[in-house]
Each structure stands twice: as structure tokens, then as C-alpha cells.
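Number of protein chains: 2
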Amino acid sequence: MSEHISKRYDHELEGVRTGLLQMGGLIEQQIEHAMRGVIERNLPMLEEVIANDKKVNAMEVELDDACIHLIAKRQPAAGDLRVIMSVVKIITDLERIGDEVKKIAKMGRHILESDAVFVPRVELRHAASLAVDMLRRTLDSLARMDVGSATEVVRQDKEVDAEFKSIMRQLITFMMEDPRTISCGLDLLFIAKAIERIGDHSKNMAQYVVFMVKGTDVRHGGLAAMEAAAASD
Amino acid sequence: MSEHISKRYDHELEGVRTGLLQMGGLIEQQIEHAMRGVIERNLPMLEEVIANDKKVNAMEVELDDACIHLIAKRQPAAGDLRVIMSVVKIITDLERIGDEVKKIAKMGRHILESDAVFVPRVELRHAASLAVDMLRRTLDSLARMDVGSATEVVRQDKEVDAEFKSIMRQLITFMMEDPRTISCGLDLLFIAKAIERIGDHSKNMAQYVVFMVKGTDVRHGGLAAMEAAAASD
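Protein sequence lines correspond, in order, to chains G and B. Just so you know, we're using the UniProt record's numbering here: the first sequence kicks off at 1 and counts up by one. Just so you know, we're using the UniProt record's numbering here: the second sequence kicks off at 1 and counts up by one.
By construction, these hints were calculated from the structure, which means they are not laboratory data. Think of the CB as a built atom: it goes at the ideal place given N, C-alpha and C, for glycine as much as any other residue. Keep in mind that the hints are not guaranteed to be accurate.
To be clear about the criterion: a stretch of chain G counts as covered by chain B if any three or more of its residues have a C-beta under 8 angstroms from a C-beta of chain B, and this derived list gives those stretches [unchecked claim]:
1) 54-66
2) 156-170
3) 217-227
Chain G extracted, bound-state conformation:
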């Protein structure tokens, strides 16, 4: 491959990566708005989050398309191909995070529209900020090709899971004490579940970043596999 072509390839790959980071930025904002909408009972904000999911979807289609064209035109060798294939997988996880955010906004809207009076008082803020932090760290590890940071995301996922379990226990207590809170409690439970899934998707993406940089598939090896890959040359 001539240097000229190789530079063009790098440039295009960089374009895809920039697009991915932009998509990630939009989704970060979506999560924050969805949670504010739920907590501050702001219906217009929730409606905007739901409408914005179309933008996320359009970005997914565009980026997938760019990846296919990049491979077809440049026919990259194994190493570069690994990077693009990881990007292709990351795109899917990002879009699925978008779907979870839309679900949060819809659940929030459902709570507002049903004029629920018996709302269990659970704290979702901490779990949500953990999930946003995981996503941000993942995007950062992608931008800087930083395996150590990606490993930290896998560690954080355990915290989000623990938060979810704690929220579920609190909700069960509320619901058992006053069955009138059950209906709204389930909406809140599904919001907590969506937050937990955002953590899962961020973890998946962080594992693809490791694959991208190190060439080691750490998807099913747990934290130990991540740490071993991060420590290797």
C-alpha cells in the first residue's frame, strides 16, 4: 500500500472514530436529560429525549455504512481490520444504550401521565451518575486507546450492579409496606434496570477497546482477563 493511500485510510478511520465519539456525546447528554426529566418531573424534557433517539439511530446507520465502505475501499490488513470490527461492535452497543435511555424517558412519562400519588422514594441519581461515568470513561479510553481506563470500566460495572440490587431491595420494602406503590414502583424498577443495562453496554464497549488495542478477546474472561491484557505489552 502506498503511503498516500495509507494516509487517506488513516484519515477516514479517524473520521469514523470522531463520529463514534460524537454519537457517544449525544447519548451521554440523552442519559442526563432523561434522568433530570424523571427526577424533576419535566415532561417536555422527556419528550425531547424520546424524539432525539431518531438522531442516535441515524448516526448508527451512517457510521455502520462508513465502516463497510472503509473496508471495501481500503481492504485493510488484519490489525486495522480488528480496529474497524471493534468499532462496528461498539456502534451497536452505543445504539442499544440509546434504546435504554428512550425506555427511561418513556417510563418517566408514564409515571407523570398516570398522576401517580404513591411514588416510592428511591434514589436513582447515584446509579445513573455511575453509569454516565462508565460511558464517559469508555469513550475516553476509545479516544486515547487506553486499556487501563477500559479495565476500570469493568470494575465500575460491579458497582452499578450492586446499586441496582440495592434499589430493588428498597422498592420491594416500599411495595410490601404499601401495595398502592406497586404500579409506580415497577416503573422505577425498570428505570433502574435500564441504568444497569447502560452499565452492561459500556462494559461491552470497554472490552472491545481492549480487543482493538491488544488483540485479546476479553469478553468472557471477567475482570482478571482484562487486567492480564492491560498488563501485557
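Let chain G serve as the given structure and place chain B on it in line with the hints.
Relative to chain G, chain B alone:
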């Protein structure tokens, strides 16, 4: 590309597709065993489903790897590349179905181990058999590159969603009437949720089959986009 190379490519692509169908077959069986384990209260069967998820994961890694090697070695043109990229996306959805099945088995185990006495009597069988049917039809549409069959899967997804909502309503009624059923009711709710998600993943896969065959991205256009693509030449 000489005919000789092209034939080898076809042969390898066929190998990946066969691997995908085998993975799909294993997952179908996993869903059936998980549901039988839950309904017949069969703990060893649930344990086996949980253990078998490792096989599903190994198949994912192997197939992803085969796809990357296929692209690197054969450098396929746009049309063939579209097929492989769809396969890469389908692999992820299949593995995620595997994760949902594992969750069902773990929830079932949790119900058995907690010796729950107050078990709400909801019927999960119909939803589960719909989801299995969707998966089977998707794999079939993939084997035969049949867009019509893939469109039917998207239609069926609405049925699974309706089943989930009905199960949730029933569970809410049980839980409100007798709060002692809340804890076990939530386990059953998450099993129903996992079934609904199996339907979602099958729908995603069916949409990739359409992309594979028709080159039209129908992921975000709903049933109408699928039907239009199926009707086109």
C-alpha cells in the same frame, strides 16, 4: 478474482453461516431447557443451562474470529462484505439471547432456592414459545435468505410485547392482592422481561437478514420499511 478463489470464499462463508445456525440451534435448546427448568422446577436442568452458556460464548468468539479472517484473506467486494457484516451483527444478538437465557435460568434457580411459597400463577409458556418461534423463523430466514419470513418475525415481535404486558398486569394484580407474592413476582417479571428481550434480539437479527439480502437498512423504519423491502426486487 479467479473462480478458484471465489469458490474457496463461498465455501468459507458457507462455513460461517453453518456455524451461526449451529449456535442458533444450541440457543433454541437452551431457551427450551430454561423454561422447562422454571416450569417443572428442575434445578439440575437450570444448572446445565447456566453452564452451557460458556459454549455459546465460545461459539461467539470463534465465529467473530472466522469473519475477521475471512474479510482479511478474501477482501470481499461490497455485496459480499454486506453479508459478512450482517453476520457479525447477528452473532452479537445471538450471544445476547444466550445471556438472557442464562438470566432466566438464574432467576429460576433463585425461585427454587428461596423456597418461595407465595408463587403467583402466571402463564409464561405462551410468551416463551412465541419467542422460540421467532428465533427459529429468523434462523430459517437466514438459512434460506428469505425476506418474507424475516418480515413475519417483526410482526410476531408485537405479539411477544403484548404477552409481556399482559403478564405484567397479572403480576401486579397478584402482588397487590397479596404482598407476600411480591418477591417471587419480581423474579417472574424479570423472566418475562428476558423472554421479551429474546423477541427483540430476534427482531434485530431478522432486520439484518433483510439488509443482507436486499441491501436496505430497515432497522429503524418499523414494519412498513420491512414490508417495502420485502416487496422490492
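Outcome of the hint check:
Three residues within the 8 angstroms Cβ limit are the bar, and the region 54-66 of chain G against chain B gives 7, so the coverage statement holds. With 1 residues having a Cβ less than 8 angstroms from any Cβ of chain B, the region 156-170 of chain G misses the three-residue criterion, and the hint is violated. Closer than 8 angstroms: that is the beta-carbon criterion, and the region 217-227 of chain G has 3 residues meeting it against chain B, so the requirement of 3 holds.
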